[in-house]
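Please build the complex by placing chains U, A and G on the supplied structure of chain L, with the hints as guidance.
Protein chains in written order, with the numbering used here: chain L, 1 to 253; chain U, 1 to 253; chain A, 1 to 279; chain G, 1 to 279.
Please note that a few of the clues may not be correct.
Partner residues aside, some chain L positions facing chain A, computed with beta carbon under 10 Å [to be verified]:
1. I60
2. V83
3. A91
4. W93
5. E124
Covered by chain U, per the in silico footprint, the following chain G stretches (three or more residues, Cβ under 8 Å) [stated by the list, open to error]:
6. 95-102
7. 140-152
DSS-like, lysine-lysine: derived pairs with alpha carbons at most 30 Å apart [to be verified]:
8. K243(G) with K66(G)
9. K189(A) with K187(L)
10. K187(U) with K243(G)
11. K127(L) with K189(G)
12. K173(L) with K137(G)
13. K137(G) with K127(L)
14. K189(G) with K26(U)
If you are wondering where the hints come from, they were derived from the structure by calculation, not from laboratory data. Even glycine gets a Cβ: it sits at the ideal position worked out from N, Cα and C.
Residue-level listing of the chains:
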Amino acid sequence: MSEYTTDELMIVNAARQLGALAVAGKRQCFVGIGLPSTAANLARRLYPIEPVLIYESGCIGSKPSRLPLSIGDGELAETSDAVVSVPEIFAYWLQAGRIDIGFLSGAQLDKFANINSTVIGSYESPKTRLPGAGGAPEIAASAGAVMVIMRQSTRAFVERCDFRTSIGFGDGKGDRERFGLRGGGPKWVITDLAVMEPDPDTCELVVVALHPRITREQVVAATGWDVRFADEVAITDEPTATELDTLRALQAA
Amino acid sequence: MSEYTTDELMIVNAARQLGALAVAGKRQCFVGIGLPSTAANLARRLYPIEPVLIYESGCIGSKPSRLPLSIGDGELAETSDAVVSVPEIFAYWLQAGRIDIGFLSGAQLDKFANINSTVIGSYESPKTRLPGAGGAPEIAASAGAVMVIMRQSTRAFVERCDFRTSIGFGDGKGDRERFGLRGGGPKWVITDLAVMEPDPDTCELVVVALHPRITREQVVAATGWDVRFADEVAITDEPTATELDTLRALQAA
Amino acid sequence: MITTLHDAVAEHVHNGDTLALEGFTHLIPHAAGHEIIRQGVRNLHLVRMTPDMVYDQLIGSGCVTKLTFSWGGNPGVGSLQRFRDAVENEWPCTLEIEEHSHAGMATRYAAGAAGLPFGMLRGYVGTDLPKHTTTIKTVECPFTGEILAAVPALNPDVGIIHAQRADLVGNVQIWGLLGVQKEAVLASKRSIVTVEEIVDELPEVAGAIVLPSWVVSAVCHVPNGAHPSFAMGFSARDNTFYKLWDAISKDRDAFTAWVDKHIMGTADFAEYCESVGIS
Amino acid sequence: MITTLHDAVAEHVHNGDTLALEGFTHLIPHAAGHEIIRQGVRNLHLVRMTPDMVYDQLIGSGCVTKLTFSWGGNPGVGSLQRFRDAVENEWPCTLEIEEHSHAGMATRYAAGAAGLPFGMLRGYVGTDLPKHTTTIKTVECPFTGEILAAVPALNPDVGIIHAQRADLVGNVQIWGLLGVQKEAVLASKRSIVTVEEIVDELPEVAGAIVLPSWVVSAVCHVPNGAHPSFAMGFSARDNTFYKLWDAISKDRDAFTAWVDKHIMGTADFAEYCESVGIS
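Next up, chain L with everything else stripped away, as it sits in the complex (with noise of 0.2 Å):
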């Protein structure tokens, strides 16, 4: 078993969960720049049947050689099967809901799955002021489903967002159909330390699996919410060479 970084393992877990919904027929996957941009990438490079990456710069399709630093690096739009306009990818591809997998980050998560990317403290006078929504809320509204991967800490993993800009299930359970979202909220939430999924009784995150070596005590440590853990809790696989081997290939081209 080779060393690797958490980093590495939060990616290649959401890789491995973005190849099992393709293989499923679940290909069409949304993705930001960063974290999910790494994992879709590297799942498109290790499964058999290929996510297909959409990205809000109105790429369709694309296939980069290399991880784009922005989503709007040539690289994505010279590999896609189509580009289309900004406002079209949103409305014609995102809202009419050909998006099976939303795959996002943020700042702040909390124990319902929101997400908050707009501001730490106070709206009015924040003390950090963060880029904002950006596509996140009609992604986490409309696509099938959502995979969250982030960093796990108290500071990030909070019992509720100091600011909600992306929905996942609102205040609990019923909500998102109160709403009348269209698209089924997060599924997954992949960290560094773990894996969580909503209790289908509650939608609150549970731990589900844990990361090689990892303790529910790190895990508690770790995050902001009186954290409950499934019946079963997993442990993941540890990643393999090629997982490995091809993740670093990627980021170093």
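Same frame as chain L, but now just chains U, A and G:
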């Protein structure tokens, strides 16, 4: 003076008006197929500043070398500055108010320059079912000004249209304003006998010019309402040899 | 994905469906329309901005009970005779019509493609259309108070178009006049695309758009499948045939004889082409 | 029509104007932004989906009193330091913000381009944005009763973009990632386009759109005018410069010194390029 048909006379006079408008900076002309397209393409060939031809098929700035039989002839797309989708041509170009001149024809025209291209007789059990609205209602509503070209007869020039497909001045002065229409409405009606314009006080169409050797009696006999004449009725210039030769070459191409 | 037109129609087109065979003078899916007539599909609700010859054929063949449209004619020639006969004389059956303007229809397709329940436009005001068409309402701007026309989204059961090319995966490439075809496919629950050719990989073409394979239900290789309409880069519009159609369609018996011989009497579009003598 | 960037900005950009310098990572009109700083324009309301380095420069230079946006960061690098300093510490002046999502901003531009007073989308529901942004309301579908988000049209005084090419008449050709630039130009009362090259006639390019000269107010020949953004076919994104900007912009004095030297201290974009050492 060479021989010419009344259709040629009508087309030449419409082209002259478009040419004058282009010189005055009113260049963007949304043209229907048939007489409008013929006159607009003639104007392109005769005047120093060409009208910009825009077709509802999405062609912007078409410069066809021969007259298209349909608004979708390949020639139009191949010679355009830009080709856009049909939803875009109506939303971003016509509705947004980028068209100076809407150039229309129809089966019936009434004294307030409303146009019927839907049915003769009642809508429920029509005597004659016509093709229908097409792009005309929004051209008539949104174009900066509208020019109508139609052969004059009591069947075509009626007191009130059987069906109001495209609005001119509705039931008279003030209706366009009441309806909140942004376009200026009909300014010129060019027929095979005369030229009519709306009376500034009533918006009723009145004869402002007669074609050479056409009598007032002929116009009255070919008009389905009690048509009025302007205080000063001009006589249109004879078609020149250049105008006729260019038109015939265009139609022969 | 890539299949025969016969199988695509048999699988995706059913009695009572709402169909949009779109094409704006360019790329009109005539071959697909013929196959629908051949398979004897009935009670169709046809949707199209510019119903022309192929809709005339479907209507005259008794496949259609409702038509939603904005301009029904033979472009550059005149009337649509079978359409007129159905509306004026209910032959071969009653044809319900839902009539809009081009701008309204384009807005309806765009709303359907965007997953919105309705679309809005500056239109219809002062015309008689709203008196007869119940799918024209109004909506008020919550910011300015302006009143705009509102029309419901179009979401046909099947969207059918003709395109220049597809690759082996089923990605579809279209160029030239695009009309409202992209919206028609994206707004429909299922879609069939006939193409001039199927290639290993789509070459770059100026002005071309691509519909990814995953928004298309079936791709069928039908060369010249738009005839007498055309496919830029492959064929020219057969204006003579459009003029000819006026004579054929004017008379019920002549029309029926033509359909029996050239459509019902042929197995597929290739045979049809031989039968009517087009290469 | 075709003029210098100096004259275009002097003629079309005025104190208190609402400006949209659009570009979605690709084709960002940096040179135009620098010229606006050079000419000391003030009290601007800037609009943009993705305000990045050039908006950071305009904000830090004190040109801006309001920003309407949906994502303000340094793509792939992190925060927009001058933007943050303005919001968090009101330096160099108070910055009013109007915040939307990308989908909402794109809808607002499209409504503006289409001459509609507002646009609608399935958006914002369940988020805190409507609590703080007064330009998010709702509209009810007159057919289904569904409630949708409504946002007002954007119609800036000036739309400014960078494109690959223009011809001698001023027709503008753009390809690659198109972002929302077409809508930004069509929605604006006036528009300025900087281009990589001006040619006699526009060659055909796959994926290219053309903006006719008559919807553009001014075309200016500014090679590499998007740097450190890029123009597909002419340049690559200068990712190093974006990372460098983080360091320069973190410190107020370092930022001011940089602007004084490289923007205020240069006569035009060509001199700027020499000054910062880019070819």
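What are the numbers of the hints that this structure violates, sorted from low to high? 5, 6, 7, 10, 11
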